[in-house]
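Q: Under my numbering, the residues of the sequence shown are numbered 1 to 209, in order.
Hints are computed from structural coordinates only; laboratory data are not their basis. Warning: the hint list may mix true and false statements.
Stated by the list, open to error - No farther apart than 30 Å at their CA atoms in a straight line, the calculated lysine-lysine pairs in the DSSO-like style are these: (1) Lys191 - Lys148; (2) Lys148 - Lys113; (3) Lys191 - Lys161.
Claimed, not checked - Just the calculated beta-carbon pair ranges, DEER-fashion: (4) Ala25 - Gly3: 30 to 40 Å; (5) Val5 - Val63: 53 to 63 Å; (6) Val34 - Gly133: 15 to 25 Å; (7) Leu99 - Gln2: 49 to 59 Å; (8) Leu99 - Arg195: 37 to 47 Å; (9) Asp177 - Ser198: 37 to 47 Å.
Note that beta-carbon positions come from the ideal geometry of N, C-alpha and C, so glycine has one too.
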Amino acid sequence: MQGKVIDQFYRHQDLHNQALYMVIASTRWFGLRVDLLCVPFITCVALASAGFSMQPAIAGLSVSYIMETLDYTQYAVRNFSEVENLMTAVERVITYTNLESEPGYKTKALPPKHWPCDGHITLRDVSLTYYEGAPQVLRTLNFNIEGKSRIGVVGRTGAGKSSFVAALLRMPDAQGDVIIDGVKITDINVKESRRCISVLSQVPVIFSG
């Protein structure tokens with residue numbers, strides 16, 4: 001198991017290094033092009049100082065100002081590109097604010113106190129799709145699970161094992177009736193119903209801090 005995790009880390013690290021290498025290379029490419037722009041300006045100042053008998057101090061000051069201006073130009077363009085990239089995150093956040101909330105948040109009815117106490121689950125004609133137009137992952141399920149019992153759901157990948165749990169949590173809402181301890185979950189507030197149901201994920205996640 002440890003070797004598998006290490007190999008996966010190396011693959012992700014290689015992908016990260018490839019992307020980082022391209023970022024550094026493009027930054028150096030841009031810096032070289034901006035530095036090359038400095039050559040014609042310095043040449044013009046040198047020719048002007050020789051042709052118009054410009055004082056050495058003024059000529060040197062002009063060259064210094066040109067080089068400093070181009071340095072600031074490179075810095076400004078890089079910051080502009082960085083701001084443009086960072087604004088993508090802002091655009092995504094704004095998009096999230098315009099998303100419609102899940103059905104069930106505006107429902108005022110709350111689950112009974114100490115619900116669920118037995119864990120009796122009934123499914124009646126339950127079908128589930130994750131988005132409109134997608135194929136059904138659950139098709140017309142009808143069964144009862146007695147309270148305080150232990151069951152196992154067995155099936156190949158994509159058979160709908162995790163989708164069954166998603167239907168209990170209304171992620172998303174399923175067609176049909178899902179009844180837990182005599183309470184139809186679509187009749188109560190979705191936030192409160194999720195708070196009362198505990199789920200251990202297949203993939204454990206450890207948060208730092």
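Q: Hint by hint, say whether it matches the structure.
A: Quick rundown of the hints versus the structure:
A distance of roughly 23 Å separates the Cα atoms of lysine 191 and lysine 148; the hinted pair therefore holds under the 30 Å criterion. With a C-alpha separation of about 18 Å, the suggested pair lysine 148 and lysine 113 falls inside the 30 Å cut-off, and the hint holds. At roughly 23 Å between alpha-carbon atoms, lysine 191 and lysine 161 fall within 30 Å of each other, so this suggested pair holds. The hint said 30 to 40 Å for the Cβ distance between alanine 25 and glycine 3, and at roughly 33 Å that hint holds.
Distance hint check for valine 5 and valine 63: the Cβ-Cβ separation is about 57 Å, which falls inside the suggested range of 53 to 63 Å. The hinted range of 15 to 25 Å is not satisfied by valine 34 and glycine 133, whose Cβ atoms lie roughly 49 Å apart. Remark: the range hint 49 to 59 Å for leucine 99 to glutamine 2 is contradicted by a beta-carbon distance near 40 Å. Taking the beta carbon of each, leucine 99 and arginine 195 are about 22 Å apart, not inside 37 to 47 Å as hinted.
Taking the beta carbon of each, aspartate 177 and serine 198 are about 22 Å apart, not inside 37 to 47 Å as hinted.
In summary, the structure is inconsistent with hints 6, 7, 8 and 9 from the numbered list given earlier, while agreeing with the others.
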